[in-house]
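Protein chains in written order, with my numbering: chain A, 71 to 468; chain B, 195 to 275.
Since the hints were made in silico from the structure, they are not lab data. Remember, predicted model here, so these are calculated numbers, not experimental data. Please note that a few of the clues may not be correct.
Claimed, not checked - Taking CB as the label site, the calculated pair distances span:
{"#": "1", "chain 1": "A", "residue 1": "Met-263", "chain 2": "B", "residue 2": "Glu-272", "range": "22 to 28 Å"}
{"#": "2", "chain 1": "B", "residue 1": "Asp-224", "chain 2": "A", "residue 2": "Met-322", "range": "38 to 44 Å"}
{"#": "3", "chain 1": "B", "residue 1": "Val-198", "chain 2": "A", "residue 2": "Pro-268", "range": "52 to 58 Å"}
Claimed, not checked - Take a look, some chain A residues computed to stay more than 12 Å from chain B by CB distance:
{"#": "4", "residue": "Glu-182"}
{"#": "5", "residue": "Ala-186"}
{"#": "6", "residue": "Pro-189"}
{"#": "7", "residue": "Val-192"}
{"#": "8", "residue": "Pro-193"}
{"#": "9", "residue": "Glu-207"}
{"#": "10", "residue": "Gly-238"}
{"#": "11", "residue": "Ala-296"}
{"#": "12", "residue": "Lys-413"}
{"#": "13", "residue": "Glu-422"}
{"#": "14", "residue": "Phe-456"}
Idealized CB from N, CA, C, for every residue including glycine.
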Amino acid sequence: MSRRVAITGLGAVTPLGVGADALHERWAAGESGIEDGLGRCSDFEPTDHLTRRQVRRTDRFTQLALVAAGEAISQAGLDEASYDRTEIGSVVGTGIGGLSTIESEHILLREEGQRAVSPHCVPQMMANSATGALAIEHDLRGQCYGTVSACAAGAHAVGAAARMVEHGDAIACVAGGSEAAITDLATAAFAEMGATSPTGISRPFDRRRDGFVMGEGAGVMVLEDAETAELRGAQILGYLSGYGATADAHHMTAPEPSGDGAARAIRKALADAQVEPGQLAYVNAHGTSTPLNDRSETEALKTALGERASATPTSSTKSSIGHLLGAAGAVEGVATLHALRAKMAPPTLNYEQPDEGLDLDYVTDGAKAMEVNGHPAIGISNSFGFGGHNVVLVMEAA
Amino acid sequence: MTTVAKDQVQERVISALVEFGEEPENVKPDSRFEDLDIDSLDLVELAQVVEDEYGIEVTDADMDRIATVQDVVDFVAESQS
Numbered sequence: 071m072s073r074r075v076a077i078t079g080l081g082a083v084t085p086l087g088v089g090a091d092a093l094h095e096r097w098a099a100g101e102s103g104i105e106d107g108l109g110r111c112s113d114f115e116p117t118d119h120l121t122r123r124q125v126r127r128t129d130r131f132t133q134l135a136l137v138a139a140g141e142a143i144s145q146a147g148l149d150e151a152s153y154d155r156t157e158i159g160s161v162v163g164t165g166i167g168g169l170s171t172i173e174s175e176h177i178l179l180r181e182e183g184q185r186a187v188s189p190h191c192v193p194q195m196m197a198n199s200a201t202g203a204l205a206i207e208h209d210l211r212g213q214c215y216g217t218v219s220a221c222a223a224g225a226h227a228v229g230a231a232a233r234m235v236e237h238g239d240a241i242a243c244v245a246g247g248s249e250a251a252i253t254d255l256a257t258a259a260f261a262e263m264g265a266t267s268p269t270g271i272s273r274p275f276d277r278r279r280d281g282f283v284m285g286e287g288a289g290v291m292v293l294e295d296a297e298t299a300e301l302r303g304a305q306i307l308g309y310l311s312g313y314g315a316t317a318d319a320h321h322m323t324a325p326e327p328s329g330d331g332a333a334r335a336i337r338k339a340l341a342d343a344q345v346e347p348g349q350l351a352y353v354n355a356h357g358t359s360t361p362l363n364d365r366s367e368t369e370a371l372k373t374a375l376g377e378r379a380s381a382t383p384t385s386s387t388k389s390s391i392g393h394l395l396g397a398a399g400a401v402e403g404v405a406t407l408h409a410l411r412a413k414m415a416p417p418t419l420n421y422e423q424p425d426e427g428l429d430l431d432y433v434t435d436g437a438k439a440m441e442v443n444g445h446p447a448i449g450i451s452n453s454f455g456f457g458g459h460n461v462v463l464v465m466e467a468a
Numbered sequence: 195m196t197t198v199a200k201d202q203v204q205e206r207v208i209s210a211l212v213e214f215g216e217e218p219e220n221v222k223p224d225s226r227f228e229d230l231d232i233d234s235l236d237l238v239e240l241a242q243v244v245e246d247e248y249g250i251e252v253t254d255a256d257m258d259r260i261a262t263v264q265d266v267v268d269f270v271a272e273s274q275s
């Protein structure tokens with residue numbers, strides 16, 4: 071890595087509430103945001119945070135992203151920073167984009183004809199509209215685009231932003247992921263492919279796990295060149311110190327059973343951060359609660375971390391909020407840095423019955439202290455997506 | 195076609211602009227759209243409202259001549275006469 075990448079702001083809207091603190095505190099306390107088998111952001115009322123005009127002209131996934139970004143940018147003090155605005159980028163990933171807009175406008179088209187389709191439909195449904203709206207709202211004039219890699223999109227966004235800052239293409243970059251896909255079509259489609267849990271319970275790594283629970287939300291961080299951030303007096307929360315990304319090139323939805331692609335991503339990320347497995351205090355697992363992921367991810371961790379795999383606390387945010395798809399990687403990155411700063415590994419909820427071969431320390435009896443021996447805590451966050459995408463972020467608390 | 199009173203049309207146009215996100219106190223009959231936060235996509239939507247409510251087809255050329263709330267009211271009155 072060339073320039074060091076600092077994290078100066080965190081924001082999240084999740085089923086646990088509006089704000090990154092709600093995510094951190096409630097998950098650490100073992101609380102769940104899942105109700106009736108879905109992780110909805112029930113506390114999120116768009117008009118509490120955005121103007122009527124913004125709400126009317128944006129899809130829910132953009133609204134979630136704007137609010138999470140607002141929190142992160144406010145914490146970083148980025149709006150007030152005396153930076154050249156053309157040197158600030160934005161990258162927001164999503165699995166699908168404005169799906170509720172697509173579905174509702176399609177109904178209007180079928181029932182009432184073309185003239186009933188809203189002129190705002192395209193700018194609302196585009197997968198890049200969250201990042202475009204974010205750039206407009208905060209006058210971010212550097213590189214601006216979305217990432218599209220299903221459930222790895224949020225992590226790809228953070229990784230891409232880190233590279234942008236490291237390389238000097240931007241002084242700072244606002245990066246994250248957003249998803250609002252709890253719609254009729256998406257819930258039906260995921261159910262029909264057997265991906266979601268028929269029991270509606272997210273219990274990663276448990277023998278009885280039967281699929282993921284759909285969630286919605288957004289997570290955003292502000293990444294900055296550490297030296298410049300220090301000069302302007304920003305509070306540095308931590309560092310994005312490594313990024314590794316690979317492809318399985320195996321199957322569109324099933325992970326490679328040995329976890330080879332995921333293991334390569336973990337190794338690349340650790341090498342990028344110049345971190346040895348023994349230095350890791352925490353693993354934030356992708357941990358979807360699907361039979362296939364949790365097994366192959368466990369294999370990947372064993373391959374990449376060796377004997378340290380079973381000694382490193384490993385937990386899944388999805389046990390508390392469900393699977394936020396394209397937002398997951400970013401939201402879990404936010405949760406990971408909070409956990410590293412608190413030196414406490416949050417728990418994997420709903421875990422009761424061990425499965426053969428799934429024998430890591432899944433943090434199943436409440437949050438547990440990380441062993442850091444006086445050093446800043448370092449951890450990784452895994453994200454894998456349909457399409458065979460594997461992304462691993464290495465983060466270090468300041 | 196039933197003729198609609200001008201003040202009713204004016205009320206409907208203003209309420210549409212308020213729905214679009216304008217503050218009610220900012221919208222006056224002589225308000226110019228370009229001075230309000232109303233862009234070309236909003237105007238397309240406004241044309242859809244006029245078509246739905248009054249059964250009048252609004253062409254792009256018609257929209258080019260419309261710059262204020264009053265212009266819309268006059269356009270509807272002309273089309274109905």
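Check each numbered hint from earlier against the structure, then list the numbers of those it violates in ascending order.
Hints 1, 2, 4, 5, 6, 7, 8 not satisfied by this model.
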